[in-house]
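Residue numbers (the working numbering), protein chains in the order written: chain A, 1 to 314; chain P, 315 to 436; chain B, 437 to 829.
These are calculated hints, taken from the structure and not from any lab test. Since this is a predicted model, take the numbers as computed values, not measurements. Check the hints yourself; a few may be wrong.
As the list claims (entries may be wrong) - Heads up, simulated SDA-like pairs for lysine to any residue below, C-alpha to C-alpha not over 20 Å straight-line:
| no. | chain 1 | residue 1 | chain 2 | residue 2 |
| --- | --- | --- | --- | --- |
| 1 | A | K235 | P | I377 |
| 2 | A | K94 | B | I682 |
| 3 | B | K658 | P | S332 |
| 4 | A | K97 | B | K624 |
| 5 | P | K410 | A | P228 |
| 6 | A | K9 | P | S389 |
| 7 | A | K87 | B | Q629 |
| 8 | A | K235 | P | P413 |
| 9 | A | K235 | P | K410 |
| 10 | A | K94 | B | K624 |
Residue-level listing of the chains:
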Amino acid sequence: MATLKELAKVEERFVGGHRLCAGCGHGISVRMVLNAAEDANVVVGCATGCLEVASTIYPYTAWNCSFIHSAFENAGATISGVEAAYKSLKKQGKIDKDFKFVAFGGDGGTYDIGFQSLSGAMERGHNIVYVCLDNEAYMNTGIQRSSATPMGADTTTSPAGKVVPGKQQPRKDLTAIMAAHNIPYAAQTAISNWQDVHRKAKKAFDVEGPAFINILSPCPRGWRYNTPDIVELVKKAVETRFWPMYEVENGKWKLNYKPKKYVPIEEFLKPQGRFRHLFAPGNEHVIKAIQKEVDERWLALLERCGETPELPPK
Amino acid sequence: MTPFNRNFGQGGTRKAISPDMNWRELTKAGNIYEPGNSASYETGDWRTIRPVWNKDRCIHCLICWRYCPDASIISTDGKFDSFDYKHCKGCGICAKVCPVHAIDMFSEDEIDRQEEASKNEK
Amino acid sequence: MKNKVAITGNEAVAQAMKQINPDVVAAYPITPQTEVVQIFSSFVSNGQVDTEFVTVESEHSAMSAAIGASAAGARAMTATSSQGLALMFEMVYIASSLRLPIVFPVVNRALSGPINIHCDHSDAMGVKDAGVIQLFSENAQEAYDNMIQAVRIAEHPDVLLPVSVNFDGFITSHALDVLEVLDDETVKNFVGQYQPEEYLLDAQNPVSMGNFDMYDFYFEHKRQQVAAMEAAKKVIEEVGKEYEAISGRKYGLVDAYRLDDAEMAVVVLNSAAGSAKGVVDELREKGLKVGVLKPRVFRPFPFEAVQDALKKVKAVAVLDRAETFSTLGGPMFADVRTALYDLKNDIKVINYVYGLGGRDLRLEDVEKVFDDLANIVKSGRADKFVNYLGLRE
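Go ahead and model the full structure; you've got the sequences and the hints to work with.
Structure (structure tokens):
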């Protein structure tokens with residue numbers, strides 16, 4: 001594992017001057033992922049979303065490498081086309097340099113509108129990396145719920161009202177769905193553990209064939225927490241087992257981190273404004289339901305990873 | 315031939331693209347030929363709080379570099395060098411993640427007032 | 437060397453694609469285009485092309501992958517019909533705005549609903565304002581010839597726009613036709629090698645494409661697209677002349693058939709032009725001064741050529757194989773009428789919508805149109821602008 005001293009010497013591929021909000025998780029995640037490509041030639045694809053609109057405002061680009069955005073729901077297909085071109089031109093001797101390909105999409109562009117395009121790209125086996133920057137809602141249009149939004153969250157299309165206490169449905173488990181494509185590598189990671197992000201990104205770039213990484217990428221505006229606390233908050237997502245770090249390599253599931261003790265979900269929910277209403281009297285049942293969902297998914301994950309099942313304390 | 319200058323952005327005589335240029339002078343399809351040129355767009359004026367480096371405490375672990383969303387921690391030879399105040403938006407993450415509290419956040423207004431005061435003293 | 441062959445329109449187009457030997461094809465099957473994809477797949481499987489064939493999961497992804505490939509520096513193609521083109525619409529618009537020279541056959545078929553698999557032009561007309569060059573083909577020969585020329589038109593440095601090659605579903609795509617195909621070497625030399633000015637896989641010169649334009653730049657970039665469309669008219673004619681030199685077949689912006697001294701004309705796209713020409717030949721024998729104008733290029737709209745071809749006629753009927761539901765008739769009607777307006781020759785221009793959902797255009801239908809035109813010329817009056825041909829009233 002390279003040290004930060006070494007990694008800081010790698011050329012920066014996502015430079016300052018982009019217009020992401022102060023403290024946006026995307027800036028951190030993208031820098032970590034691209035840093036792991038080291039000195040390779042990289043083509044970045046991007047779905048429409050916060051990252052794309054903030055990083056390519058003409059005539060400025062924050063991408064210190066080739067970059068393409070075409071639309072919202074098709075980052076998977078667009079980067080497949082780039083990769084197919086590379087294969088074809090390389091085979092014919094029309095180009096000689098090696099390249100790596102990575103596409104970034106938010107949870108909107110990945111879990112929802114871009115789901116089909118991503119699934120197709122994974123199934124076809126292109127040699128690409130797809131990174132989902134999951135901030136758990138459509139932030140670019142102003143915090144609307146997505147299928148990645150956790151149960152109970154207050155968003156502008158699942159507002160916490162007098163009758164309905166925020167989003168009614170639990171999250172879609174996209175990482176597991178991607179793993180079910182039987183691709184060489186699928187992983188879920190969190191920026192609170194930069195070594196884990198780096199290792200997974202590096203592996204994703206290195207494997208032959210498609211790789212998928214899901215990164216929890218908090219949005220200070222949408223989640224309404226104290227901006228500087230981002231790493232602490234993500235750590236809580238991991239410690240409460242809300243966002244487990246795991247990887248599936250050639251069909252083998254592996255848990256990368258097991259919290260030492262049982263931390264209740266309230267620890268993750270409490271610092272965030274989007275869950276504030278859940279702590280009002282009468283909404284206890286929602287927190288219970290979220291906890292139940294988290295516990296069940298954790299147990300299922302332990303089983304898939306061949307770990308000893310643990311039961312939540314009574 | 316259309317009058318559109320398609321070499322714009324690739325030749326040696328280009329000037330920076332600006333909103334007063336007509337359609338023939340702009341790059342084709344809005345392509346950008348200078349990778350990472352957002353470096354010349356300054357976001358530093360977004361900042362309301364400023365990170366300030368405490369040299370004596372810094373252990374050069376570069377955790378701050380790792381977690382800066384704006385690539386605004388400049389490192390040299392694997393060591394902390396300086397803040398890029400032209401781009402730092404003052405999010406405060408670096409100060410928070412620093413394990414030895416070598417970064418302090420100060421109000422920009424306060425810094426301005428102090429600078430003003432010291433100028434007046436001179 | 438030229439070879440006469442008996443093949444279908446789809447086979448002819450697949451054959452052209454094989455000879456062009458694109459770097460990447462991304463396509464999704466849809467009736468009546470399916471054969472194009474199937475036949476081309478066999479060329480890939482048998483190593484007859486260098487193409488990387490991306491078997492996408494939808495037409496939206498087909499054009500998206502073609503965009504990625506073209507931006508990366510490849511000569512890229514797709515192919516579609518009907519709903520596929522409708523699903524692709526967003527990306528057709530973006531391919532044009534990114535100025536990517538993607539060539540794609542469109543095997544014309546009616547749009548749902550109700551679902552219908554047969555020919556009309558509602559699919560093509562749906563993208564007429566998306567910034568894509570649209571070539572139309574009367575038969576398999578023209579579809580084949582247009583495909584090969586499309587590559588040169590699309591990739592011309594003054595143009596750099598996607599080009600669609602339209603031909604009629606089933607009527608042209610599935611009917612056996614006798615046509616002349618060029619030999620592989622001739623096509624290879626004619627299309628040459630694609631040399632993009634900037635591309636994603638240029639390691640020395642990275643480029644950022646598909647960037648975010650605000651109100652300070654977007655308008656100017658749209659204007660550039662218009663300039664490219666304008667330039668395309670000249671390029672299409674130049675490429676047509678070059679193609680004539682290798683094929684002996686003439687191609688311009690429009691095909692004016694027996695219009696020199698005509699008093700009455702029909703304007704019609706694709707295969708129906710063949711029927712109309714047949715009727716014109718018959719009527720000419722009876723001494724009627726009639727002719728046919730078949731636009732080969734619908735976008736950019738060749739209004740100068742249309743004006744030139746029709747300036748001496750007294751009455752024109754525009755036959756549209758698509759509705760606009762504007763209550764102002766079909767899409768081509770509006771354009772032809774606009775083109776003729778400034779001539780101030782008091783040319784009567786009327787519209788017939790025909791053949792929707794694959795309904796045949798019978799020779800009697802075309803004869804009726806010329807009858808109507810004769811009455812208009814006689815009376816000097818055209819009362820009904822929008823008419824339906826072959827419809828049970």
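Against the structure shown, which of the earlier numbered hints fail to hold, in ascending order?
-> 2, 4
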